[in-house]
Structure formats: C-alpha cells, structure tokens
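Engineer: So you can see what is in the structure, the chains are spelled out below.
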Amino acid sequence: MLIPVEWLKDYVQVSGSVEDLADRLTLTGNEIEEIRESETGPVLDLKLTPNRADMLSIRGAGREVAALTGQEFRDPGIALHASGPEETGVYVDVEAPDLCPRYVARIIRGVKIGPSPEWLRRRLEAVGLRSISNVVDITNYVMFELGQPLHAFDLDLLDENRIVVRRARAGETITAIDGTEAKLEPQMLVIADASRPVAIAGVMGGQDTEVSDRTVNILLESAYFNPTSVRRTAKRTGVSSPSSYRFERGVDPNGVLRAADRAAQLIAELAGGTVSKTVLDVYPTPIEPREIRFRPERCRALLGVEVSDADAETFLTRLGMRVQRDSPEAWTVQAPTFRPDLAIEEDIIEEVGRLYGYDRLPETMPGGVTSPGKRSALENLVRQVREQLLAQGMYEAVTNTLVSRTQVEGLGVEVSPVWPGVETAEAVPLRNPLSEEFSMLRPSLLPGLIAGVQHNLRRGISDVYLFEAGWAHSRLAGEAPQDRLLIAGVMVGSRWSGVWNADRQSAADFYTAKGALEALARALGIGELRAERVERTGREGAVPTFHPGRCAWLYAGADRIGVVGELHPATADSLDLPRGVYLFELDGELLLRHSSGERRYESPSRFPRALRDLAVVVDQTVPSAQIEQILRESVGEWARTVRLFDVYAGKPLPEGKVSLAYALELGAEDRTLQDAEVDARLENARERLRTEVAAEFRG
Amino acid sequence: MDQLSTLREEAATRITAAGSLPELEAVDVEYLGRKGSISSLMRIIPTLAPEERPAFGQRVNAVKNELSALLAERRAALYAQETERKLRAEAVDVTRPGRTPAVGRRHPLTQTFEKVSDIMVGLGFQQVDGPEVEDYAYNFAALNFQEEHPALDEQASFYVTENLLLRTQTTALQGRVMPGLAPPFRVFTLGRCFRYEAVDATHSHTFHQVDAFMVDRRVTLADLKGTLAAMMRELFGPEATVRFRPDYFPFVEPGVEVAVKLPHRWMEIGGAGMIHPNVLRHVGIDPEEWSGYAFGLGLDRMPMVRHGIDDIRLLFENDLRMLRQF
Numbered sequence: 003m004l005i006p007v008e009w010l011k012d013y014v015q016v017s018g019s020v021e022d023l024a025d026r027l028t029l030t031g032n033e034i035e036e037i038r039e040s041e042t043g044p045v046l047d048l049k050l051t052p053n054r055a056d057m058l059s060i061r062g063a064g065r066e067v068a069a070l071t072g073q074e075f076r077d078p079g080i081a082l083h084a085s086g087p088e089e090t091g092v093y094v095d096v097e098a099p100d101l102c103p104r105y106v107a108r109i110i111r112g113v114k115i116g117p118s119p120e121w122l123r124r125r126l127e128a129v130g131l132r133s134i135s136n137v138v139d140i141t142n143y144v145m146f147e148l149g150q151p152l153h154a155f156d157l158d159l160l161d162e163n164r165i166v167v168r169r170a171r172a173g174e175t176i177t178a179i180d181g182t183e184a185k186l187e188p189q190m191l192v193i194a195d196a197s198r199p200v201a202i203a204g205v206m207g208g209q210d211t212e213v214s215d216r217t218v219n220i221l222l223e224s225a226y227f228n229p230t231s232v233r234r235t236a237k238r239t240g241v242s243s244p245s246s247y248r249f250e251r252g253v254d255p256n257g258v259l260r261a262a263d264r265a266a267q268l269i270a271e272l273a274g275g276t277v278s279k280t281v282l283d284v285y286p287t288p289i290e291p292r293e294i295r296f297r298p299e300r301c302r303a304l305l306g307v308e309v310s311d312a313d314a315e316t317f318l319t320r321l322g323m324r325v326q327r328d329s330p331e332a333w334t335v336q337a338p339t340f341r342p343d344l345a346i347e348e349d350i351i352e353e354v355g356r357l358y359g360y361d362r363l364p365e366t367m368p369g370g371v372t373s374p375g376k377r378s379a380l381e382n383l384v385r386q387v388r389e390q391l392l393a394q395g396m397y398e399a400v401t402n403t404l405v406s407r408t409q410v411e412g413l414g415v416e417v418s419p420v421w422p423g424v425e426t427a428e429a430v431p432l433r434n435p436l437s438e439e440f441s442m443l444r445p446s447l448l449p450g451l452i453a454g455v456q457h458n459l460r461r462g463i464s465d466v467y468l469f470e471a472g473w474a475h476s477r478l479a480g481e482a483p484q485d486r487l488l489i490a491g492v493m494v495g496s497r498w499s500g501v502w503n504a505d506r507q508s509a510a511d512f513y514t515a516k517g518a519l520e521a522l523a524r525a526l527g528i529g530e531l532r533a534e535r536v537e538r539t540g541r542e543g544a545v546p547t548f549h550p551g552r553c554a555w556l557y558a559g560a561d562r563i564g565v566v567g568e569l570h571p572a573t574a575d576s577l578d579l580p581r582g583v584y585l586f587e588l589d590g591e592l593l594l595r596h597s598s599g600e601r602r603y604e605s606p607s608r609f610p611r612a613l614r615d616l617a618v619v620v621d622q623t624v625p626s627a628q629i630e631q632i633l634r635e636s637v638g639e640w641a642r643t644v645r646l647f648d649v650y651a652g653k654p655l656p657e658g659k660v661s662l663a664y665a666l667e668l669g670a671e672d673r674t675l676q677d678a679e680v681d682a683r684l685e686n687a688r689e690r691l692r693t694e695v696a697a698e699f700r701g
Numbered sequence: 031m032d033q034l035s036t037l038r039e040e041a042a043t044r045i046t047a048a049g050s051l052p053e054l055e056a057v058d059v060e061y062l063g064r065k066g067s068i069s070s071l072m073r074i075i076p077t078l079a080p081e082e083r084p085a086f087g088q089r090v091n092a093v094k095n096e097l098s099a100l101l102a103e104r105r106a107a108l109y110a111q112e113t114e115r116k117l118r119a120e121a122v123d124v125t126r127p128g129r130t131p132a133v134g135r136r137h138p139l140t141q142t143f144e145k146v147s148d149i150m151v152g153l154g155f156q157q158v159d160g161p162e163v164e165d166y167a168y169n170f171a172a173l174n175f176q177e178e179h180p181a182l183d184e185q186a187s188f189y190v191t192e193n194l195l196l197r198t199q200t201t202a203l204q205g206r207v208m209p210g211l212a213p214p215f216r217v218f219t220l221g222r223c224f225r226y227e228a229v230d231a232t233h234s235h236t237f238h239q240v241d242a243f244m245v246d247r248r249v250t251l252a253d254l255k256g257t258l259a260a261m262m263r264e265l266f267g268p269e270a271t272v273r274f275r276p277d278y279f280p281f282v283e284p285g286v287e288v289a290v291k292l293p294h295r296w297m298e299i300g301g302a303g304m305i306h307p308n309v310l311r312h313v314g315i316d317p318e319e320w321s322g323y324a325f326g327l328g329l330d331r332m333p334m335v336r337h338g339i340d341d342i343r344l345l346f347e348n349d350l351r352m353l354r355q356f
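In order, the protein sequence lines correspond to chains B and L. Oh and the first sequence: position 313 is 315 in the working numbering, straight run, nothing missing. Oh and the second sequence: position 151 is 181 in the working numbering, straight run, nothing missing.
I should point out that these hints are in silico values taken from the structure, not numbers from a laboratory. None of the values given here were measured: they were computed from a predicted structure. Among these hints, one or two may not hold up.
[What the hints assert, rightly or not] Distance condition first, Cα-Cα at most 25 Å in a straight line; then the derived DSS-like pairs of lysine-lysine:
#1 Lys49(B) / Lys291(L)
#2 Lys114(B) / Lys279(B)
#3 Lys116(L) / Lys94(L)
#4 Lys11(B) / Lys49(B)
#5 Lys145(L) / Lys376(B)
#6 Lys237(B) / Lys185(B)
Isolated chain B (complex conformation) (with noise of 0.2 Å):
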C-alpha cells in the first residue's frame, strides 16, 4: 500500500520528518519498506500485515498516524448535492445476503466522460494507478481514500435497469475488464442484471457493462461482500484486483454508503452528472460494532509491563474504540466495524502494548517451575555420530530435502537401501514441485552426497569424504510417506592427500569405509557390527547403487542397520564420476536402539599374556569371519584378542589362494598359561581349520 504522505495530511498533521513518521510506523507494526519519491512528495511504501484492513485506504492511514502520535484525527465531511429525481425503475435484488450482507446504489445521470484533473492524475500517479477516465478515476480514488472498492456500471447497458445479486448458474460465463474469460461456478457470487452475470462480485466488472466514452447514466455500487467468498472466487477465476486485495481483508460495512456518497460527489463536481436522491441500500442485518471484555489487571498480566488504566482507556480511545468502564476490573471495549482483526481480549491488549511501546518493555525471565532441559535422542545420537565421522576425516554436508527423478533414478536408489520393505517402497514426489530440480523428497541422502561429490570433483577436489544426517521420505504404495533419519556418507580418494609424503596407496577402498563404521559402531556400544555380503540392493528393474562384489549388508543383532559399498562403475560412469566411490547409509532409529551408554570395566589380567602368530591359507573364497571364530572356539575361554594383521595373495601362493595371519593372545585368568597347553589349542585349531576351511599354513 502506497501512502502519498500530502495526501496524508487530509487527515493529520505531520510533524516532523516523514523518516520520524516512517519509523514510528514501522515500530507499531505498519512496516513502512521504503519512503519513494512521485510528484507529490514523498510516499511511504506499506507492507501490509494480513490482518490491517483498515490501513488500505489514506483515511485509515491517517486515524493510525493520528493515534500514534497523538495528533487530532481531521475527518473532512462529504459535501454531496443529490438533487435529482428519484429513480423508480432501477432495482436492486439481493438473493444471497450470506454472501452480500450489505448492497449501495447510487445513480447519477448525465455525466460527460473525459480526462480527470490535474491533482486527481496526480494522486492516483503517486499511489501506482494509472489514470483511465474521470468516472473510473473516482472509483480508483475513492478506493485508496477510504478503503471501499466501487464499481461504475453503465445504467443503460443494464438490462432492465436491475442489478441482482446472486450466486452463479452452472456453465455461466463472463468477460472481466482485464479481458479474461472467466468460468463461473455455482457457489461464486456475481452481480447480474435481469439476464446474464455483469460483474465478478468483489473481484472485478464485466467488459460488456463497463463504463466507456459514450456512457451518460451510471450505476455506482458500493457493497460489502463476505472475505472468504471473494477470496475463494478470486482463486477459483484466477482474476485478483485491487478491490478482491481489500474485500479478503475486510472492508468496513458501515462505511459502505459514505464511499457510495463521496465519489457520487467527485463525480457530480468533475463529470458534471446529477445525483439522484435514491439511495437503494440493501443492509437487512446491519453488522454491529464488537463488545470486547477488557480488564486492565489481565493486559499487565499478559504484557508483564505496568500500564496504567488511564494509559489503556487513552490508546484505546485514540484509535476509534469506545471504553466503558463497567468496573474497575472489567471494561466493555466497542471496536469499531473498520477494524474486523480486533475480536478478542487479547486483540485489545496487543492495541495497549502497541502504543505503549514494546521498546519500553521490559526484559524479564519466565519464573515458574522448570524440569531440566533435555535434547532429543536422536539429536543426542546425531551429535555422538558427528563427532565419530568427523574424527574419520569426514566433512559434514548439509544436502536438499527436494531432488530431482533424475538424482534419485539416476542412482537407483527410488527408497534408500536401508529402508525396510525396500522392494514396495516409493519415493515421494510433490504434487507442485517448483521444477523438475527440486520435484521430490529424498528417499535416502545419497543422492544429495553424489551431488557434492560431482561438484568438487568438476572443481579440481579430487579428494571427497562428506557425510550428512539428515531426514528421508518413503512411503509403501498407498500409504503416508514416512519419515526417517538416516546417516550417509561418502569417500572417494585420500585423506591424506593434503600432507606431504603421505602414503600414496591411502585412497579410499571398501574396508576404508567399514572401518569408519566399525570404528562408528564401537564408539556408539554397538556389541558387533555384522556384514554380509549383498549383490543387489535396489528394487528390481532400478539402476544398481553398488558393485555386486563390493556391497554389504550391516547387522546389530538381527537389524539390518545399513549398507556400505563400492558405487557401482557403469552407474559412476553414467554419473559422470570415477571408480573407487564408496558409500554408506544407515537408519538413525536402528542406530540409537542398538547403541548404549553402559561401559563396564574389565581389569586387565595380572598374568602375562601367551601370544602367537598364525597365518592361514585358504581359498579367498572364504570368508575371514568363519575362519576367527574357527580360532575364537578352538582357543576357547583363553581367547583375549584375535587380530588380522596381514593379507597376502601372490607368489609363491598358487592363484586364488589368499593368506591371512591372525595375531593371538591367550590368556587365563587365574594363572600364567604354559607354552604346551596353548600349542595343544592352537594345534586344535589348525586342525579344525584344515578340515573346515581346507586351510594350509605358512611360517
């Protein structure tokens, strides 16, 4: 809302600078945006609160600036000469007074249709409107003036001389000003003459009646149509005006005939027309001011701040209420018809604290009880996770929520691979999503961590270790999309690239990012992290995520917790990105169910501790878990720790065969060990071995 600050001062003096005024305003919650330059002066450029009807017309304006600062609100009177003959065979029906409580007509006839003045171009220039004719410029003025949205129909073009004012009929159409061509519905409210729809009711006139160089009679309305109808009709015809703007929000029903008045005045002095003595006011029920309770103990409860009641009458007062003081606890407060936003007590009070100025109030704490505060768990764990992967040399990424098909297809991963009931799930797209970039939820974070990736990789970064917690979205087919936090990350090169005469072989492999979780799960008292391998883990028919040989499944227990991976090469080809990108993704919830906060100390054995190597040969086939617990059963209750330390696969080792040498310490707890009772279990073990596992050993 633009406020010419001269066409202000029809209402109030401005004292002062118009900065001064601006920030007053802007304090009291009239945010003024910026103070523009037009022909007049200076006008304040107001971002309007949803609920301020009242300050959408100058008139409103300056009651508010009136209130605020104290000055006299100067309301000039209307100076109509309705000196013509009473109409008899214009009509006015109101058939839907739920939708239209309130109906004005005035007539004027013979009017010359031309140019507007000087200073009337001049207003409506410096509020944004450009000057149409003199008519359909005194509609526009008296708009901004007061705040009521008119409309000037060409009498003659009327059929019968009769405005109706009805709901739609099926299939009913109607061209508006602007040349839209808007279907009608049924619970739409239009203005009608005896035969067809002539205006949208609130939202804007019809083409076929609007007011043109040969008009000579006119039909002006002034009405008060209910906010949630106009609102609804402006979206359903995707038609919106300046007058649809005010009528959501609410105009003044009492104000309705002075409008009609005033610009029936304007135009009988500048289009030279006669106003009819008629007035064709349909009000059936008449909208009263609101009583409010107010008590002036509850508005200091609720501001915590020391208003006295003779303050509180005085704002009140000030901005048009009417205070009756029942009681010295309770007042009856009347707020007037252009102030719909003021309904309950606590509306009031906002009005005492508004004056009263919240830069006076105080800083207080809440008092009360107070149980200790607390963060969730998940945040818990989520802080417990970073600290981990940050310690493994990764960088937290923050990703989108919304991603593309192509992001979350181009991987395979439509649910992500930890989700359960991977092979029914969905991901969820959005049913007005801003453009194909941002189209749906991301149903795991990986597609948003490959992003990071192909960003610093196209930059030069070769060396990529970003991991993100975040929230996800699935949903099995019909159902609600579900919401889950999950934990991703991915690697790609070294950590140690930055450093100098760091080891070259550090990229990135798959027990790299084991490790990480390994290391994850330990932190977080996870008893055994368990991989098994997997081939497959999308839904059938989708791109694959992972290398079929270099994919595991992760277990805690019986809960399949996560997946971690080679990315698998023809999808990092078609993504543009080089080999050797793993990946990982856990579920937050499985996480936190399986961790826990219990430690309980072991003493370390006062008895020397026996230690031997072992190396094993076998087919790398086998799976070097069944070969530990081979050795973890065999040594039995001696078994303290059992340790890969070498793999080796090459000459002199036949082809496919793998060696893999195991650290162990055995120890008892009551006693040293001899040397002959643990070669008697570490012989047991071989043995095992050979006829389990087809084992040979070296060294």
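Use these hints to put chain L onto chain B, whose structure you have.
Structural biologist: Just chain L, lined up with the frame of chain B:
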C-alpha cells in the same frame, strides 16, 4: 724438573687439547694405560733406594689420580659436546607444514543448530523432533489459521497429497505435542521447513527454524523478550539487543516480529508472541488459568551473518573449499 713432572705437564696439556673422545682415549692409553708412560714409571721403583720408594710411589699415584680426574672431566665435556653436535645434526625444518591428521569440520549450519539447542536446553526446554511431512491440520488449522485467510498467502506450500504438505514452519509441532503435555512445560524443536519460493541469493525453498513454546501461570510478553534477549546475547555477544515490532501470526496474540541488532543494522530473525487462546483451547488448556509464549526463529541467516556468507545457496553446495573453513 724430573721426568714425572715433565710427563705430568705433557699429559695435562694433551688432555686439555684433546678435541674428540677417541683422541682423549688415545691420550689415556698413552699415559695411564697399562703400558703407558706414567704407569711405566712404577716399574723403575725397584731400582730406587728403598727409602725413596714410598715417596716416589706416592708421587706417581698422585699424578695418576690427578690425570684421571682431568681425563674424566674432559671426557664428560667432550661427551656433552659430541651429543650436542649429533642432536644439532638431527635438526628438523620447523617451518615445514605439520602432518595434520584428517579431521572433518561441522557444517556452519550444524554449528548454529548445536549452539542454539544448547542454549534452549540451558533455559530448561525439552527437545522434541517433528515430521517434515505434516498434516494440513497441524500446520494450519491447529495454529488458528482460518481457511481462506490472506495470512495463508505468506505460507505457500509444497503438497504431497491433498492433506499432507511439507511443514511451512516448525510451529506445526505445537498441535502435535501439546495435547500430551500438562502445563507447566517448555518445549523446543529444531528442523527444516519449506515454502514454495524460487531460489536466489537470499531465499531458498528450504530453511531451518528453531521453535519454542512454554506454558505456565503468568507467562508474559516481557518474559518472551527476556528469553530472546538472553538467547541473542549467547549467540551474538553481550552487546546484542532485541527489538520487538507488532506483527501478525494467527497462532499468537499479541504477535511480534523479532529483530536483533548487528553492528550496522537490524536483522529480522523470526516471529513470536503470546500463544493465542484458541490454540491453547484447541489442546484443552484453559487460557484464563495458563498463558504461554512461542517463538520461531530462522537459523540460516545466523551463520551467514557470522561468517560473511553472502549467498544462501552456498550452504547447500557442500563445496569443500568452503567447508574446510569452519
């Protein structure tokens, strides 16, 4: 001067002059070794007159002791020198860069989230997580948004189905959580919100908010201002001041827009107010007996202002050249 004195002079001079441990050892052997020139003097004792023997023997021993002491002293000095020289040779170039272990960094947004949630916990608030995909009812109706109200214009939303949308404000959690709570309570949530808005340097369809609400007897607007001021001082330093301006949100009354004073300007950080009686009644809390405040603050601009990040899109790019700076 006799032979012993001459040898003593000579040996003492050579000990002092020895420049290295091997040289010193050679001197030791030459004079004091079993076949050394001083030891050899002992061998002439039998040739001396019996009455001269004890005195001569004592003199030789005295010289030997004296020279041994000199040797030990010189040896220690040379050893210290030698060590010093060796250690000098091991000197490193202290100006070469250190070998930094790979350690990642928190994202600047997350740093803000952690700090904000720590403050909230410190103020006695309990954190609750809410869904990003929210029911229309919780996002709007439970928050006193009237159907077809122009206030909805500011809340353009992404829809998943007719009744499910991406929450436009974390305040959506209020209606979900409050029915299960008996006052007094203090709750906060922190998370992602979405609005149907094109992306540019200062706007994104995705943003983050912290939302807090408390209900107790006689909670005041001044308490709200005090709480936010305390929070802003934690975040922006002891000089931070908070400004309230009347604003309109359907779920609070009175409602205010909150701004914090930065060195050169005011930064708007969110909305707040006293919980609307309709919202309280909706969850079965009597607004005559209880009052409460609520606030929702945007979190994306805080790290931008603090670190001088001028484009909101940078926060979602994950460019390592940026992430390494935090």
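Engineer: Run through the hints listed earlier and report the numbers of any the structure violates, in increasing order.
Structural biologist: 3
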